[in-house]
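Visitor: Given next are the chains, with one letter for each unit.
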Amino acid sequence: MGPLTIIATTVIGVLLAALASQMASEFRDWTPRWTEWLIDRAVRRLPADLQERMAEEWREFVSDAPGHIAKLKRALGLPWAALAYDLNLSDKWPRIFSRLVGCSALVLFWPLLLLVFGVVAFRGGTMLDKSETSNVYRFRIGDDKLSEILEKSSFVALPGLWNLANGELIVHWLDVRRFVVKFLKEIFTETR
Amino acid sequence: MADNIRLTHATLKVLSSIMAARGAEMSGSQVAVETGLASGSLYPILLRLERGGLLKSRWEKINPSEEGRPRRRLYKMTAAGAALTRSALSELMPQDVVWAR
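Here the protein sequences come in this chain order: A and B. The numbering used here puts the first residue of the first sequence at 1, with every later residue one more than the last. The numbering used here puts the first residue of the second sequence at 1, with every later residue one more than the last.
These aren't lab readings, by the way, just hints derived from the structure by calculation. A portion of the hints provided could be inaccurate.
[To be verified] Each pair of labels, with its calculated beta carbon distance range:
#, chain 1, residue 1, chain 2, residue 2, range
1, B, Gly-23, A, Ser-131, 37 to 45 Å
2, A, Asn-88, B, Arg-86, 22 to 30 Å
3, A, Trp-110, B, Trp-59, 54 to 62 Å
4, B, Glu-34, A, Ala-20, 31 to 39 Å
5, A, Phe-97, B, Glu-34, 25 to 33 Å
6, A, Leu-16, B, Ser-65, 54 to 62 Å
7, B, Ala-80, A, Leu-108, 37 to 45 Å
8, B, Ala-24, A, Thr-10, 53 to 61 Å
9, B, Leu-7, A, Leu-106, 25 to 33 Å
10, B, Arg-86, A, Gln-51, 28 to 36 Å
[What the hints assert, rightly or not] Straight-line alpha carbon distances no greater than 35 Å define the calculated DSBU-like cross-link-like pairs of lysine-lysine that follow:
#, chain 1, residue 1, chain 2, residue 2
11, B, Lys-13, A, Lys-92
12, A, Lys-145, A, Lys-92
13, B, Lys-61, A, Lys-73
14, A, Lys-71, B, Lys-76
15, A, Lys-92, A, Lys-71
16, A, Lys-182, A, Lys-145
17, B, Lys-76, A, Lys-92
18, B, Lys-61, B, Lys-13
19, B, Lys-56, B, Lys-76
20, B, Lys-76, A, Lys-130
21, A, Lys-130, A, Lys-145
22, B, Lys-13, B, Lys-76
23, A, Lys-92, A, Lys-185
24, B, Lys-76, A, Lys-73
25, A, Lys-152, A, Lys-73
26, A, Lys-73, B, Lys-13
27, A, Lys-92, A, Lys-182
28, A, Lys-185, A, Lys-130
29, A, Lys-71, B, Lys-13
30, A, Lys-185, A, Lys-145
31, A, Lys-71, B, Lys-56
32, B, Lys-56, B, Lys-13
33, B, Lys-56, A, Lys-73
34, A, Lys-152, A, Lys-130
35, B, Lys-61, B, Lys-76
36, A, Lys-130, A, Lys-182
37, A, Lys-182, B, Lys-13
38, B, Lys-56, A, Lys-92
Even for Gly, the Cβ is constructed at its ideal location relative to N, Cα and C.
Please work from the sequences and hints to get the whole structure.
Guide: This is the structure we're talking about:
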């Protein structure tokens, strides 16, 4: 390594260090402005009766975080907080999810549904029943062979997909996952 | 109103951390540190719990210029909130765990 290389490396090192410290001080100077802007945006999304209070509360909340990065991190979450509160997302999400599951199941399994409905219609009489506790549809069960098959295969609950798609029935995503896993396992073991 | 509140994992975290304060008031910042929740999830929960009557909040009575910091909004459990938290947590926990006052 010649003397020129050593000098060049030192100069570049010093310049980089100076640049880094300059950037750090820029960051320190700019964070209050960024956090203020984020709080302002967040507050404007809130209902009018909450705006004044949350503006003050959130300024304190952000200033209470130790360090500039933590302050910025807290402020970055606030527009999301305001949006989530405004849309009531956590209340609506289960229903939206259930409707999506219901609709996709109807689209995916419509040939099966058509077949089962056809067979049940062939039996004659009333086709559907509502469960005692809720308004969820199911096939009417008698004491014939078909009812036995329907109950054993769980096809008896198929009309409930309509309630699911309609948003009258809520399904938890863990139950959906369990069902899908079981379904895939069955397919996998059968083909092997 | 309280019936509409869904007790998610994050909601229970918030309720139990305020419950653990045993009647003391907590600021949003303290709850954030205790629960480890980000502000984007914490505040919708706090506001919804307050709207549902499970929490109540008030401004801290300090003189900001004397203390050298802005006043805090303090959150506290209501009786309804304590009852709901107790019943929700006792469903999850073994029978012999008792919430001492």
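Visitor: So, for every hint listed, does it hold in this structure?
Guide: Hint by hint, here is what the structure shows:
1. B:Gly-23 - A:Ser-131: 37 to 45 Å: holds (44 Å)
2. A:Asn-88 - B:Arg-86: 22 to 30 Å: Holds, since Asn-88 of chain A and Arg-86 of chain B (Cβ atoms, about 26 Å apart) stay within the stated range.
3. A:Trp-110 - B:Trp-59: 54 to 62 Å: holds (58 Å)
4. B:Glu-34 - A:Ala-20: 31 to 39 Å: At roughly 35 Å between Cβ atoms, Ala-20 of chain A and Glu-34 of chain B fall inside 31 to 39 Å, so the hint holds.
5. A:Phe-97 - B:Glu-34: 25 to 33 Å: holds (29 Å)
6. A:Leu-16 - B:Ser-65: 54 to 62 Å: At roughly 43 Å between Cβ atoms, Ser-65 of chain B and Leu-16 of chain A fall outside 54 to 62 Å, so the hint is violated.
7. B:Ala-80 - A:Leu-108: 37 to 45 Å: holds (43 Å)
8. B:Ala-24 - A:Thr-10: 53 to 61 Å: Holds - the Cβ-Cβ distance for Ala-24 of chain B and Thr-10 of chain A, about 57 Å, lies within 53 to 61 Å.
9. B:Leu-7 - A:Leu-106: 25 to 33 Å: holds (30 Å)
10. B:Arg-86 - A:Gln-51: 28 to 36 Å: holds (34 Å)
11. B:Lys-13 - A:Lys-92: holds (20 Å)
12. A:Lys-145 - A:Lys-92: violated (42 Å)
13. B:Lys-61 - A:Lys-73: Within the cut-off at roughly 28 Å; holds.
14. A:Lys-71 - B:Lys-76: The given pair, whose Cα atoms are some 24 Å apart, holds under the 35 Å limit.
15. A:Lys-92 - A:Lys-71: holds (30 Å)
16. A:Lys-182 - A:Lys-145: holds (26 Å)
17. B:Lys-76 - A:Lys-92: holds (26 Å)
18. B:Lys-61 - B:Lys-13: Distance of about 27 Å is within 35 Å: holds.
19. B:Lys-56 - B:Lys-76: holds (5 Å)
20. B:Lys-76 - A:Lys-130: Violated, at about 44 Å.
21. A:Lys-130 - A:Lys-145: holds (21 Å)
22. B:Lys-13 - B:Lys-76: Since the Cα atoms of Lys-13 of chain B and Lys-76 of chain B sit roughly 15 Å apart, the hinted pair holds (cutoff 35 Å).
23. A:Lys-92 - A:Lys-185: holds (32 Å)
24. B:Lys-76 - A:Lys-73: holds (25 Å)
25. A:Lys-152 - A:Lys-73: violated (54 Å)
26. A:Lys-73 - B:Lys-13: holds (20 Å)
27. A:Lys-92 - A:Lys-182: holds (28 Å)
28. A:Lys-185 - A:Lys-130: holds (31 Å)
29. A:Lys-71 - B:Lys-13: holds (22 Å)
30. A:Lys-185 - A:Lys-145: holds (28 Å)
31. A:Lys-71 - B:Lys-56: Distance ~25 Å between Lys-71 of chain A and Lys-56 of chain B Cα, so the pair holds.
32. B:Lys-56 - B:Lys-13: holds (17 Å)
33. B:Lys-56 - A:Lys-73: holds (26 Å)
34. A:Lys-152 - A:Lys-130: holds (19 Å)
35. B:Lys-61 - B:Lys-76: holds (15 Å)
36. A:Lys-130 - A:Lys-182: Cα-Cα ~27 Å, so holds.
37. A:Lys-182 - B:Lys-13: holds (31 Å)
38. B:Lys-56 - A:Lys-92: holds (24 Å)
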